[in-house]
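Asker: These are the residues of each chain, in order.
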Amino acid sequence: MIQLIEYALNGALLGLLYALIAMGFVVIYRASKVFNFAQGELVVVGAFLVWFFTLDLGLPLYVGFALALIGAAIFGLIIEPLLFRRLVGQSTFSMVMVTIGLLILLRGLVLVIFGPSVRPFPDLISTAPITFGDITLNRGLAYGGIFTILLAIGVSLYFSRTRPGLRMTVVAEDHQIAQSMGISVRRSIAYAWGMGMVLSTLGAVFYLNGKSVTFLVAEIGFAALPVALLAGLESVGGLIPAGIIVGVAQGLAAGYIDPVVGGSFSAVFPYLVMVIILFLRPSGLFGWRIVERV
Amino acid sequence: MVAGPGARPGGALTEGASGSAPSTESSGGPGGSPLLELSNVEVTYSGVILVLKGINIIVPERGCVALLGPNGAGKSTTLKAVSGVLKTEEGLVSAGQVRFAGERIDTLAAERTVRRGILHVMEGRKVLEHMTVEQNLVAGGHLQRSRDAKESLELTYEYFPRLADLRGRTSGYLSGGEQQMLVIGRALMARPKLMMIDEPSLGLAPLMVEEIFSILHRLRQEDLALVIVEQNTAAALALADYGYVLDNGRIVLDGTAESLRSNEDIREFYLGLGATGERKSFRDIKHYRRRKRWLG
Ligand SMILES: Nc1ncnc2c1ncn2[C@@H]1O[C@H](COP(=O)(O)OP(=O)(O)OP(=O)(O)O)[C@@H](O)[C@H]1O
Ligand SMILES: [Mg+2]
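Read top to bottom, the protein sequences are chains A and B. Per the UniProt record's numbering, the first sequence runs over residues 1 to 294. Per the UniProt record's numbering, the second sequence runs over residues 1 to 296.
Simulated from the structure, these hints should not be mistaken for lab results. The reader is advised that the hints may include incorrect statements.
Restricting the straight-line Cα-Cα distance to at most 27 Å, the calculated cross-link-like pairs of lysine-lysine (DSS-like) are [to be verified]:
hint : chain 1 : residue 1 : chain 2 : residue 2
1    : B       : Lys126    : B       : Lys193
2    : B       : Lys87     : B       : Lys150
3    : A       : Lys33     : B       : Lys193
4    : A       : Lys33     : B       : Lys150
5    : B       : Lys150    : B       : Lys53
6    : B       : Lys150    : B       : Lys126
Only a predicted model underlies this, so the values are computations on that prediction, with no experimental measurement involved.
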């Protein structure tokens, strides 16, 4: 019983990490309707920025971390003018192809600048696990999970209550309507990439606490995809339940199925959950359904 | 927005042009100092499809102009050329000029013309489907200072009490008439100098059409100019001071609303009204002969 709870809890925390990374994906998708295949690379770039400003430059941990977040935001903001501005009016397909180009480009840049070697990652949070009786939890992931829940609430309120957030929601609804209301679609998309980059960097911090960083960290981007799809691509709040569902399922699969089948079946489990749920509800659990009136 | 029943001083229009019979050569448009002026505007889509073939339209300050004409005449395109929405559809003002308050605006993007005070209520009731009524409106006032936006919201609810009752509803699920009110209200939130409304009555029941038009009549007391595109020509000409009839990308006729209302040929041909006022189908009318007579 204790074991079941531990598997489920650790799974939920991992799921919330996916949710945080998926949040970057969703913010970008909402504004641009672009399915960002480079999400994992954004996490890697964020991770290297943190490493660079803290361990490499030797700045105090939190100063370096703050600078890394600023650097991440700037990096995100220039993606739109650099890569997408000329594609205005082009098909979504060509924009998605650009994100694949971005993936290759960033991977190349990371390898050229930082090399393929493994780097230590700074611990912004203590690496000592949290224990409740017999249950042990990863402290980085636990703090990250709580942070992600609060952040999801904050970002949802931002999109629904504040003016700049509402502008971005209008852009998410329809680019032509947004323009006819005096909203700059391009600027909103640029902001979305900036936000997506900051969220990815935060994800890197919780994910890599106590670990090290290489370009392979990018795989977390694909692991987070089922959570984004399950939440419904437009829904920030929906990422929390979606993350928990996927994470718990994966945690339980790792605990009970993997030992039996003798492999890491749990790694494909999120995709399985995603396929089943999307089969039942194509717009995800909380996504924008096409409005149909009778 | 200074509402006030009957407080419309010197309704800029009509004095000069009233009584003049409609004619094909531009009669110089409505009088009054022009807020919006289209001169010899040509519009091309995708670089090859010429849709507007040189049109001249004047909208005076605080005036109300109706654009009429059959389907495909280029009415919506005219509005898009002014608001800049054209550019999101691969359209281009390929010749001529659009001037607003004396300045050229034909090269401006849609998001820029809004800042000048031009609000285009597009065809098809384009609500922000997944947002609530109130979010639609608040987003509409995003360029205002927040105190002004609050005031605008109250005024908008005063105009559309029905929207106030529905403020928490997801706008995609409103009825067609409610959605039409919402898009007009959303445009109003930006406190426009010029509001252009494309086919507000499309697909609405007569009672709802009446309700919408009575609100438009009230709007005329505000400090703004209106351009209205309508198939319901009787309602449009009752609202407007001046009308232009477009056909096939050209203005074939213009004149005061009064003169258009009473002109037999127009009633029969363009407005589809017989002498007794009942509607006729366009099919009943010998299109080419009649047009020739006008153009000749
Ligand atoms: N994006 C576009 N690309 C090419 N042609 C277009 C485009 N938009 C409109 N047209 C063409 O321009 C012409 C005028 O269209 P417009 O929508 O302005 O007509 P309208 O007078 O508003 O008609 P309706 O009363 O049916 O709304 C039509 O022949 C239409 O097919
Ligand atoms: Mg039209």
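Asker: Now, for every hint given, state plainly whether the structure supports it.
Answerer: Quick rundown of the hints versus the structure:
A C-alpha spacing of about 21 Å is found between lysine 126(B) and lysine 193(B), which places the hinted pair at or below 27 Å, so the restraint holds. Pair hint lysine 87(B) plus lysine 150(B) does not hold up; C-alpha atoms about 32 Å apart against a cutoff of 27 Å. Straight-line distance between C-alpha atoms of lysine 33(A) and lysine 193(B) comes to about 33 Å, which puts the hinted pair past the 27 Å bound. As the CA atoms of lysine 33(A) and lysine 150(B) are separated by approximately 31 Å, the hinted pair breaks the 27 Å bound.
A threshold of 27 Å between alpha carbons decides the hint, and for lysine 150(B) with lysine 53(B) the separation of about 43 Å lies outside it, so the pair is violated. For the hint linking lysine 150(B) to lysine 126(B), the alpha-carbon distance of about 23 Å falls within 27 Å, and the restraint holds.
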